[in-house]
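Peer 1: Chains as they are written, first to last, in our numbering: chain B, 2 to 436; chain W, 10 to 337.
Keep in mind the hints are simulated off the structure, nothing from the lab. Note that the Cβ used here is the ideal one computed from N, Cα and C, for glycine as well. A couple of the hints might just be wrong.
Unchecked claim - Which bits of chain B does chain W cover? Going by a derived footprint, with three or more residues having C-beta under 8 Å, they are:
no., region
1, 135-144
2, 379-392
3, 418-432
To be verified - Below, in silico cross-link-like pairs of lysine to aspartate or glutamate (DMTMM-like), each with a Cα-Cα straight-line distance of 25 Å or less:
no., chain 1, residue 1, chain 2, residue 2
4, B, K401, W, D192
5, B, K185, W, D177
6, B, K185, W, E176
7, B, K397, W, D146
8, B, K173, B, E102
9, W, K284, W, E301
10, B, K185, W, E230
11, B, K401, W, D160
12, B, K166, B, D432
13, W, K129, W, E261
14, B, K401, W, E196
15, W, K303, B, D266
16, B, K185, W, E159
17, B, K185, W, D160
18, B, K401, W, E230
19, B, K401, W, E155
20, W, K269, W, D326
21, W, K122, W, D146
22, B, K185, W, D326
23, W, K303, B, D367
24, W, K129, W, D247
25, B, K401, W, D146
26, B, K185, W, D162
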Amino acid sequence: MSIDPSGDPNETPANELSAAVSRRRALGIAGIGAATIGGLGYAGREAVAGTEDRQLAKGGDSAPRGLPVAFRGEHQAGIATAVQDRLHFTTFDVKTENRGELVSLLQAWTRAAERMCSGLDALDPGAFPRIAEYPPGDTGEAIGLPPSRLTLTIGFGPSLFERGKRDRFGLKGRRPEALADLPKFAGDTLDPLRSGGDLAVQACADDPQVAVHAIRNLARIGFGTVSVRWSQLGFGKTSSTTPEQQTPRNLFGFKDGTNNPAGADTAAMDQHIWVGAEDNPAWMRGGSYLVARRIRMLVEIWDRTSLAEQEKIIGRDKREGSPAGQRLERDAVDMAAQPELAHVRLSSPDTNGGATMLRRGYSFVDGSDGLGRLDAGLFFLAYQRDPRTGFVTVQKSLSKNDVLNEYIRHTGSGVYACPPGVVAPDRWWGDTLLG
Amino acid sequence: MRLHRASHRLAAAAAVSALVLTVSACGDDDDSAGSTNITPTDSAGGSVSGSVAGSGSGSASGAFEDQATGAPLTPEEQTAVEGYRNYITAQVADSVTVTEELVEAVKADDITKAKTLYAKSRIGWESIEPVAAAFGDLDPRVDLREADVEDGDTWTGWHVLEKALWEDKDLEGMDEIGDTLLDDLDELTESVKTVEITPTAMAMGAKELLDEVASGKITGEEEAFSHTDLVDFKANLDGARKVFDLLKPIAERNDADLVKTLETEFDDVDMALEKYEKGDSYVSYDTVTESERKALTDVVNALGEPLSKLAGAIQSDSDNSASPSSTS
Ligand code: HEM
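Modelling step: build the complete structure from the supplied sequences, incorporating the hints.
Peer 2: Here it is, written out as structure tokens:
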């Protein structure tokens with residue numbers, strides 16, 4: 002069985018095969034050919050298409066559950082990709098002052114990321130080095146799990162370019178204007194330890210363990226060069242980029258992501274999400290800007306709010322998801338019927354000079370706070386061509402007027418420039434900037 | 010307060026008005042819809058049955074439409090409404106009196122005296138705040154917290170004085186802030202005379218007062234410099250209890266159990282607060298430990314949950330079987 006219509010498992014590069022084989026041996030599973038393995042549950046992790054083939058795997062974005070999403074492509078995976086079930090988002094501070102070390106790390110990360118996205122161990126040798134006196138090259142918790150549509154998406158924060166006016170890696174002049182620091186919005190209660198970061202990696206997968214495994218191994222590879230600044234787990238997608246599927250609900254119980262651009266709508270993606278072929282700086286062309294906000298939701302108070310009030314605050318019917326005054330979820334928003342300060346009215350492109358983002362957020366519950374309240378919320382992730390005319394415009398309108406603000410608190414924040422995807426085998430994450 | 014409630018109320022008045030205290034005196038053009046009196050039956054009660062969108066006027070999205078006509082208040086409702094108007098009038102008057110003293114002390118540069126008057130001047134206000142939220146941006150003008158100020162905003166109101174008194178310990182420029190606060194409170198005095206009050210709005214307001222406690226006071230966010238959060242807490246609580254007392258006869262008929270529960274829970278919160286009394290006020294909130302705050306949260310939740318059902322329980326078509334209760 003081939004897991005990738007365009008990839009022939011028999012063409013698996015030797016080193017990858019050996020990793021696969023060593024793991025298989027340790028598991029005590031007989032069989033060597035990928036075809037044999039393919040019949041087993043963890044086929045996705047084991048069988049892998051060659052790099053050349055994978056870049057052609059256009060179907061990757063809509064890969065069935067369990068199967069790999071193509072790592073290589075014109076755009077990074079994890080943006081237009083159909084939203085997976087789980088998130089592990091992590092930011093890093095770069096510790097080295099040496100540009101060469103940073104470049105080596107990004108190269109090593111690219112290799113490991115590609116391997117893990119296709120279901121392989123992070124490194125070769127992997128979880129079971131031939132010489133047992135070595136620590137395992139891969140941490141091992143994903144052994145036997147399918148690739149689970151893992152995507153890894155990297156972004157560069159403003160502080161990578163300059164920290165307090167200091168040019169760190171000769172990048173100051175290359176900082177995109179669109180990567181401006183976010184202004185302070187009304188009501189912001191941001192925790193500096195949950196904000197910022199020189200680098201950000203978004204790991205999404207259908208299996209939380211696969212996402213965590215990926216981040217953990219990248220962090221391990223980065224020791225000495227980078228250190229984890231903050232990270233966030235998300236368990237339930239709160240947005241959809243696939244209108245044909247049922248829209249998931251957020252922790253306020255409302256369908257979320259109805260009016261989100263579809264990942265497959267290339268015209269909309271080109272217009273609003275991807276940095277265009279004429280946009281500057283050139284190194285960002287084909288990339289996108291990510292805004293991340295950790296938004297605490299005061300669920301206890303929300304739950305005491307009447308249904309009518311909840312619907313008025315959002316501007317949509319809770320059961321069906323239809324916009325105020327309309328019948329069905331997918332009916333167009335009727336501004337005349339929207340309550341004056343409804344979230345939908347205030348966030349709509351129509352009230353924000355056309356500002357459009359691709360939302361890709363997740364719900365979280367980080368246990369409870371010391372007061373017995375759930376530390377729950379929405380980890381808001383939005384991609385756009387330019388945050389100044391995207392998130393910032395919309396959040397200015399929301400932070401002033403949105404009634405939802407009585408029930409939420411923004412507690413963390415970051416903005417990152419996500420470079421274009423890597424296509425050719427010798428390319429790596431960020432090479433358009435640092436190469 | 011946080012920024013948004015005020016404008017929310019204004020908009021709600023314009024667009025919905027089912028649940029809201031509205032101002033007929035308010036000049037905003039959108040407001041004409043809101044100046045019509047709303048009876049409890051016009052409110053969201055119907056949504057409890059979960060009507061599907063689009064099924065005509067009963068649809069849940071119908072709650073977004075203005076259905077602002079309907080039957081006049083029953084005599085019983087009338088009594089509750091009058092009682093509440095008297096209450097808010099007295100509370101606002103009290104706030105004005107103490108704030109005048111506060112501003113006097115500020116002008117005399119008497120920091121010590123001003124500090125003793127600060128929290129007291131807010132009591133009347135805190136007990137009726139959801140009503141004030143109907144008056145345009147009055148609420149943020151008098152009660153905006155520093156965290157809610159956006160780059161480029163002008164910050165006015167009580168919390169500016171609070172910061173000057175406790176943090177800066179310098180009253181430079183505060184005379185003007187004090188005068189503006191008094192002007193704004195005069196506006197409040199005028200506005201409450203004509204504010205439209207419905208029993209549903211009262212009940213929703215009581216629930217919001219408890220929300221204020223749970224989200225702002227318990228965490229110490231409201232009085233970040235003076236730590237007088239417990240004074241506000243008590244005022245919020247008393248304001249909610251007043252509403253409950255006034256609506257009790259109506260709620261009793263539909264849901265006697267709820268009334269009994271609310272009585273117990275109000276008493277419990279009062280008792281929990283007593284522990285922190287000090288002189289004629291309360292201890293500074295920064296001396297209240299995490300675990301004590303947790304205990305306060307627990308009693309507030311125990312009250313907030315049933316209190317959120319009061320608005321439903323006073324609807325004329327309400328009986329307790331319609332209430333989404335897990336316990337009864
Ligand atoms: C916890 C916080 C939030 C919650 C619970 C929430 C919830 C929702 C819900 C239920 C919808 C309607 C369904 C849909 O079209 O997706 C929606 C729409 C939307 N939200 Fe949010 N949201 C939150 C924060 C934000 C933030 C911070 C922004 C951006 C600054 C934002 C931007 C949008 C946009 C652009 C839409 C689509 C509006 C339209 O075109 O109809 N949301 N949100």
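Peer 1: If you test the structure against every hint from before, which numbers come out violated?
Peer 2: As far as the earlier hints go, 1, 2, 3, 13, 15, 21 and 22 are violated by this structure, in ascending order.
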